[in-house]
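K.L.:
Generate the whole structure from the sequences, applying the supplied hints.
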Amino acid sequence: MEAAEPKAIEVTDLTVAYQDKPVLWDIDLDVPPGVLLSIVGPNGAGKTTLIKAILGLVRPAAGNVLIYNKPYEVQRRIVGYVPQRGSVDWDFPTNVLDVVMMGRYGALGWVRRPGKSERELAMQALEKVGMEAYTTRQISQLSGGQQQRVFLARALVQDATVYLMDEPFQGVDATTERAIVTLLQELRANGKTVVVVHHDLQTVTDYFDWVMLLNIRRIASGPVNETFTPDNLRETYGGRLAFMKTDK
Amino acid sequence: MHEHLDIQLIAIVTAVACALPGVFLVLRRMTLMSDAISHAILPGIVLAFFLTESLSSPLLILAAAGTGVLTVLFVELLQRTKLVKEDAAIGLTFPALFSIGVILISRFAGNVHLDMDAVLLGELAYAPLNRLQAFGSDLGPVSLYVMGTILVLNLIFILVFYKELKLVTFDASLAAALGFTPTLIHYGLMTLVSVTTVGAFDAVGSILVVALIAGPPATAYLMTDKLSRMLVLSAIIGSVNAVCGYWLASLFDVSIAGAIATMTLFIFGLVFLVVPNRGLIAIARRHARQKWEFAQTMLAIHLFNHEGLPEAAAESAIADLHEHLSWDPVFTTQVVKYALNNRYVSREEAQLVLTEQGRAIAQQALVQ
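Respectively, the protein sequence lines represent chains A and B.
Heads up: the first sequence begins at 1 in the working numbering, then just goes up one per residue.
Heads up: the second sequence begins at 249 in the working numbering, then just goes up one per residue.
Quick caveat, the hints were computed from the structure, so don't treat them as lab data.
The reader is advised that the hints may include incorrect statements.
[To be verified] Taking lysine to any residue pairs in the SDA-like style, the calculated list, with each CA pair at most 25 Å apart, reads: (1) B:Lys539 <-> B:His570; (2) A:Lys128 <-> A:Gln138; (3) A:Lys21 <-> B:Ser421; (4) A:Lys21 <-> B:Glu334; (5) A:Lys128 <-> A:Leu57; (6) B:Lys539 <-> B:Arg595; (7) B:Lys474 <-> A:Ser117; (8) B:Lys411 <-> A:Arg76; (9) B:Lys333 <-> A:Gln138; (10) B:Lys333 <-> B:Thr439; (11) A:Lys7 <-> A:Arg76; (12) A:Lys21 <-> B:Leu325; (13) B:Lys330 <-> B:Thr472; (14) B:Lys411 <-> A:Lys7; (15) A:Lys116 <-> B:Thr472; (16) A:Lys116 <-> B:Lys333; (17) B:Lys411 <-> A:Val111; (18) B:Lys333 <-> A:Val88; (19) B:Lys474 <-> A:Val181.
P.N.:
Structural data, given as structure tokens:
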């Protein structure tokens, strides 16, 4: 055993299947601490499923996930999660501050109620995402970009070491996108590890320093300048046929 | 007099006990599940009745609540196969279980006091007759104690697990990721709904149970943007429905349960119409206002576009405006009147001229 630096996320031989249909085939992924990694791949490549498997939200058919050498169940408190914006009901009767405070629920544990210090942390996070003017706004009255910022603020108050984000750029305007990128790069500068499911291939080299190319199996992962190559992209997006050919 | 008070107390306590978990069912879009539970508990009641030969045994409530949770489990198992959607799964499960109850009654308990009318509609009027006696004194109707206990249980559960219920209802995957087992909360809530339904069912029948669970929360949902307030409002609305329903029933000498259910719909309809901002009347008024505002903006833009050009005089002639804009003449006169009142335009002989304000409105609309 080499005494290497522990990996922030270490996925080994992970297979996830719905019934007998594989969604992820034997995924290996090492994410070193302090990188900003994007997961890219076509629709149905299993990007969201991979995030959910890392978070223990779907049960793998095989394989293992470690966060800093320990299973997720032990490391919950150091992992922040931003689900897809569309995964919740924005007509729920609550306001912006309340949603952001939900990020503290994990640290509070069962039964204990959020109080003054949670409210202060939530306010700070809202300032970071530029939403401090909206604290008492009913969440159904937010635009898509504002909803996304609220979700980011909620993850920020988790004060995590590792962040997993499912399409944080989906349906946001250019201003919000820039604000989010700045925020992600700030997180990395503070030594956090950030994993982002991403759709826009144009911006991968600008926004991220690491990339994982995924299409049911892992095509490649590593630093963007080595990994984000035309060959790898063709293999990821080239459809089934290309995928079979490279398999021989 | 005494009887009036007893019945109303039972109705209020039952209504509040149902409304509280009902809030979470409505927010989770699961109100139909309460319908399913309220019917599917019948075989549980019947089987427990065969075992204990008593209608007042606490075992009845437990057995029925068990059947209720089992119903939820069946529905979810069916749904998980992905061959049946949720509504169809509910539609398949509860009539089957309910029918098993009906068959058991008709085959084995034909002469017992377990008749179908009571099951479906309940009979609140008889509820005070069954009284709790201890040490030779009358302590009040049994169902008041049963529902009171259930109400306290519901209150405790919701107060203790308020944060968890809120998170699981709003964002189940974050709840799971943070380690709050949504399944546990879900089945906790479903157990509560089952127990509440069984308790209420005895007093008010299975139809009214659904009205009590779905009606007040759906009404409260229209009135507030805050979960805690929605819970309080639901309880208040439930009580109002119960009392109004009771007096409606006394007035016309009809079924109390039926009158309360009718009242529930009536109050919902009232709120639906008049609630500020999102009620039907508020929406209609907003639409009307927007229509006139938009028409005035169109008029301003029309004048603005032709301002200072050779054809300006023809385009801004009040008498011909409706032809240029292809508007109804009466409508045009009205719009011009509003625009004059708002000082967006002023009249100069036979022509309309934009004011500074009107010009600003046109420019602003064109920029957007």
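K.L.:
Determine for every hint whether it applies to the structure shown.
P.N.:
Hints versus structure:
Restraint check: the Cα-Cα separation between lysine 539 (chain B) and histidine 570 (chain B) comes to about 17 Å, which is no more than 25 Å; the hinted pair holds. A C-alpha spacing of about 20 Å is found between lysine 128 (chain A) and glutamine 138 (chain A), which places the hinted pair at or below 25 Å, so the restraint holds. Simply put, lysine 21 (chain A) and serine 421 (chain B) have alpha-carbon atoms about 23 Å apart, close enough for the 25 Å limit, and the pair holds. Among the hinted pairs, lysine 21 (chain A) with glutamate 334 (chain B) is consistent with the structure: their alpha-carbon atoms are about 23 Å apart, no more than 25 Å.
A distance of roughly 28 Å separates the Cα atoms of lysine 128 (chain A) and leucine 57 (chain A); the hinted pair therefore is violated under the 25 Å criterion. About 23 Å separates the Cα atoms of lysine 539 (chain B) and arginine 595 (chain B), which keeps this hinted pair within 25 Å; it holds. A C-alpha spacing of about 21 Å is found between lysine 474 (chain B) and serine 117 (chain A), which places the hinted pair at or below 25 Å, so the restraint holds. A distance of roughly 18 Å separates the Cα atoms of lysine 411 (chain B) and arginine 76 (chain A); the hinted pair therefore holds under the 25 Å criterion.
Restraint check: the Cα-Cα separation between lysine 333 (chain B) and glutamine 138 (chain A) comes to about 32 Å, which exceeds 25 Å; the hinted pair is violated. Between lysine 333 (chain B) and threonine 439 (chain B), the direct Cα distance comes to roughly 23 Å. Compliance with the 25 Å bound is thereby established for this hinted pair. The suggested pairing of lysine 7 (chain A) with arginine 76 (chain A) holds, with an alpha-carbon distance near 16 Å, which does not exceed 25 Å. Distance restraint check for lysine 21 (chain A) and leucine 325 (chain B): the Cα-Cα separation of roughly 20 Å lies within the 25 Å cut-off, and the hinted pair is therefore satisfied.
For a cut-off of 25 Å, the pair hint linking lysine 330 (chain B) to threonine 472 (chain B) is broken: about 36 Å separates their Cα positions. Using a Cα cut-off of 25 Å, the hinted pair lysine 411 (chain B) and lysine 7 (chain A) is violated, with the two alpha carbons roughly 34 Å apart. The hinted pair formed by lysine 116 (chain A) and threonine 472 (chain B) meets the criterion: a straight-line CA distance of about 24 Å does not exceed 25 Å. Pair hint lysine 116 (chain A) plus lysine 333 (chain B) does not hold up; C-alpha atoms about 44 Å apart against a cutoff of 25 Å.
For the given pair, lysine 411 (chain B) sits about 7 Å from valine 111 (chain A) by alpha-carbon distance, which is consistent with the 25 Å threshold. Taken as a hint, the lysine 333 (chain B) and valine 88 (chain A) pair is honoured in the structure, with Cα atoms around 20 Å apart against an allowance of 25 Å. Under the criterion of a C-alpha separation no larger than 25 Å, the hint pairing lysine 474 (chain B) with valine 181 (chain A) is inconsistent with the structure, at around 32 Å.
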